[in-house]
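Using the sequences plus the hints, can you model the full thing?
From first to last, the protein sequence lines stand for chains V and F. Residues 11 to 229, numbered by the numbering used here, are exactly what the first sequence covers, in order. Residues 447 to 933, numbered by the numbering used here, are exactly what the second sequence covers, in order.
Keep in mind that the hints were calculated from the coordinates and are not lab data. Bear in mind that the values here come from a model prediction, so they are computed numbers and not experimental data. Here a beta-carbon is modelled for each residue, glycine too, at the ideal position from N, C-alpha and C. Keep in mind that the hints are not guaranteed to be accurate.
[To be verified] What follows is a set of in silico ranges between Cβ atoms, one per label pair, in the way DEER data are often shown:
(1) V:Phe117 / F:Gly536: 53 to 61 Å
(2) F:Arg933 / V:Ile72: 54 to 62 Å
(3) F:Arg747 / V:Leu210: 16 to 24 Å
(4) V:Val203 / F:Ser644: 29 to 37 Å
(5) V:Val203 / F:Arg469: 23 to 31 Å
(6) F:Arg933 / V:Leu95: 52 to 60 Å
(7) V:Val29 / F:Gly505: 40 to 48 Å
(8) V:Phe117 / F:Arg537: 48 to 56 Å
(9) V:Ala103 / F:Val873: 37 to 45 Å
(10) F:Ser496 / V:Trp87: 21 to 29 Å
[Said to hold, decoys possible] Cut-off 27 Å, straight-line C-alpha distance, at most; resulting in silico cross-link-like pairs (DSS-like, lysine-lysine):
(11) F:Lys597 / V:Lys98
(12) F:Lys596 / V:Lys98
(13) F:Lys604 / V:Lys98
(14) F:Lys597 / F:Lys811
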Amino acid sequence: MSTSFYVGALELTTGAVLVCAVMTLWRRQVRAIVTMLRFQGIALAFVAGVLAWHERDLGLAITAALVLGVKGALVPWLLRRVIRLDPKSRETAPLINVPASLVSAAFLIVVSYVVSSKLTALAPSTASRLVPIGVATVLVGYFMLVTRRRSVSQIVGLLLVDNGIALVTFLLTAGVPLIVELGATLDVLLVVVVLQVHVLNAGARHGSFDLDKMRELHD
Amino acid sequence: MLSLLALAIPLLMGVISFVVPWRRWIGWGSALSSAAVLGIGIALCISTSSHGSVSALHGTLRADALSSFMVVVIGTVALLATLQTPRVMGREIGEGTTTARQASFYVALMQAFITCMLTAVLAANLGVLWVAIEATTIATTFLVSHNRTKKAIEASWKYVILCSVGIALAFLGTVLVYFAALHSGVVAPNAVSLNWTSLMAIAPHLNHGVMRLAVTLLVLGYGTKVGLAPSHSWLADAHSQAPAPVSALMSGVLLTVAFYALLRFKAIADAALGPAFPRALFIAVGLLSLVVAAVMLIAQRDYKRMLAYSSVEHMGLLALGAAAGSSLAIAAVLLHMLGHGLTKSTLFISSGEISHAEGTTEIAKVKGLLARRPVLGGIFGCGLIALLGFPPFSLFISEFTMARAEVNVGLWWVVAISLVCLSVIFVSMTNHARHMILGGDSSVALSLNARSVVVPLVAALAASAFIGISAWPLLTLLRAAAHVVVR
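Structure follows, in structure tokens:
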């Protein structure tokens, strides 16, 4: 693969990860948000794939396949199931409206370029130059977690944080050792399963799972 | 070999309880497996004291004096908590609040939880350590929501979301350490691993800017799981809603296992950056935790939440001890972990009995325990005395030693601030406790006739007092364990 193609492919796929993250703030339909999350998972797998090709790294290629399967297919499927079985979770209820969210996202992207300058400085390369995009995805995920009150939106926020961190991992170190990557991906999958069971159980037992009404525990 | 066995026994027990329908012996089996873990922990301590460190599974598992000590702490608290299983599950099945299937599930998850904690302390690789700590969150979620009330599900949801986000930060921190190691310039990139020993070897060559960022992320990330402020808020919810033995295990060891991860990373950070930067971070989160705990304890109305905030306090004390960082301080930190595990699990288990007997967890609604339920009230009262740091219990000696070590390195102002917080905590907790324990009418005394509660809890308090008086046989062990992370 020629260098310019590698650079182009890496920039395109990395950029797609962030675009998907911002899109999740823009869309109101939870179903559309989950679709964005799936696209993000696929883009993330492609980032790993491009890097694996460039570095001739078999472990990273396996990771790419794993990411494609788990984040591009399995996790979105689990979330769709929640939406189907729990009608209340179909629309987001943002605490901060969409235009303000998008402005905040722009601000967070600037912040991430500032904080990642030290990381880029240690080992400047095509990949490490793109690290701020991963950090921005993490920050957008946090923003989603804090400002969206529906169960599925919170899970999506958590997954954005996770995808952003995975992106940083790929770009900085071409992936952590495979055993750690396997464990981390499995953990993410299990967290989603666990949260899904919570939503469905609470729905079956207590009528619905409404985070707005979760105000019973306080001091 | 021993470390492999320590993981295999609880794992096997978990699988058995998942497959075999609930019987009372399964509950006793889980206690037996914890006892075996404790035994293996002691054996590991003996073997590491003569060999330095022992590896298993081609170096994937590595036990040094510090890990062996942690196995002992896990085994001790796990034994206390799992000894309650047959009785608690039997009672819940009898009352119809739990089905036999759910009881099996409970035992299986408890064993999975214990296995994850053991994996965390025995892993040679810091990435595997991270995976294991994240896995404890997954294993404990359904234990927290075991009672299936709305409150329990709410607590469990917050627990998973907050801890997953926190632990994600820790992952980023771990990756940054790995990144710094790849570019250290002293070893070839393909020879770099996340093994703690190899990272320690190249620590002085790690890039400072990256390491500063990494350590900050690690302290915030693992700090969430430790229950250190500012991300402590899951702790009171989860600990007040989980079944008592689960709270005992979470508060008694899960927090300290996460703290163990911080100790390992702090050793790397000290070697890479010098002690000043990590020290400042640990002091910041430690003092903040003490202040938060003091404020939340003043007007606390729920005794389980009171115990949970006291855990925030003790984790803050551990952070301050680690900030001092001398080998005396770290030995005291480790002793404090054991003492806190013994005392806090005793208190959570007895508070579970109190809330079952009284039907409430509100402090205001429980009066005169000592007169009405002398045994239970006595255990709870003694536990609180131990928790507040009175001699002869071991928390007194460890708190005292940590303070002395902090003064030795010039942190007298930290000691002064923490003493103010501790006095506030002392006054508010004795106030709550006085209300619950003293007073009342002794003519209606009810006895608690469950030996499986009384015997282990009294033994735990006695052990805490014994360690507090003699420090035997722990002294050499603590020195060796502290020496692992202090050069």
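These are the hints, each one checked on the structure:
Taken as a hint, the range 53 to 61 Å holds for the pair Phe117 (chain V) and Gly536 (chain F), whose Cβ atoms sit roughly 57 Å apart. Judged by the Cβ atoms, the range 54 to 62 Å given for Arg933 (chain F) and Ile72 (chain V) is violated: they are separated by roughly 38 Å. Our hint of 16 to 24 Å for Arg747 (chain F) and Leu210 (chain V) is violated, since their Cβ atoms are close to 33 Å apart. At about 34 Å, the beta-carbon gap between Val203 (chain V) and Ser644 (chain F) stays in the expected band of 29 to 37 Å.
Checked against the hint of 23 to 31 Å, the C-beta distance between Val203 (chain V) and Arg469 (chain F) comes to roughly 28 Å, which is consistent with it. At about 56 Å, the CB distance of Arg933 (chain F) to Leu95 (chain V) agrees with the hint of 52 to 60 Å. Checked against the hint of 40 to 48 Å, the pair Val29 (chain V) and Gly505 (chain F) passes, with Cβ atoms roughly 43 Å apart. The given range of 48 to 56 Å is respected by Phe117 (chain V) and Arg537 (chain F), whose C-beta atoms sit roughly 55 Å from each other.
For Ala103 (chain V) and Val873 (chain F), the hinted distance range of 37 to 45 Å is satisfied, since their beta carbons lie about 43 Å from each other. As the Cβ distance of Ser496 (chain F) to Trp87 (chain V) is approximately 53 Å, the hint placing it in 21 to 29 Å is violated. Pair hint Lys597 (chain F) plus Lys98 (chain V) holds up; C-alpha atoms about 20 Å apart against a cutoff of 27 Å. The straight-line distance between the Cα atoms of Lys596 (chain F) and Lys98 (chain V) is roughly 17 Å, inside the 27 Å bound, and the hint therefore holds.
With a C-alpha separation of about 19 Å, the suggested pair Lys604 (chain F) and Lys98 (chain V) falls inside the 27 Å cut-off, and the hint holds. Note on Lys597 (chain F) and Lys811 (chain F): the hinted pairing holds, with a Cα-Cα distance of about 20 Å set against a maximum of 27 Å.
When the structure is compared with the earlier hints, violations turn up for hints 2, 3, 10 and for no others.
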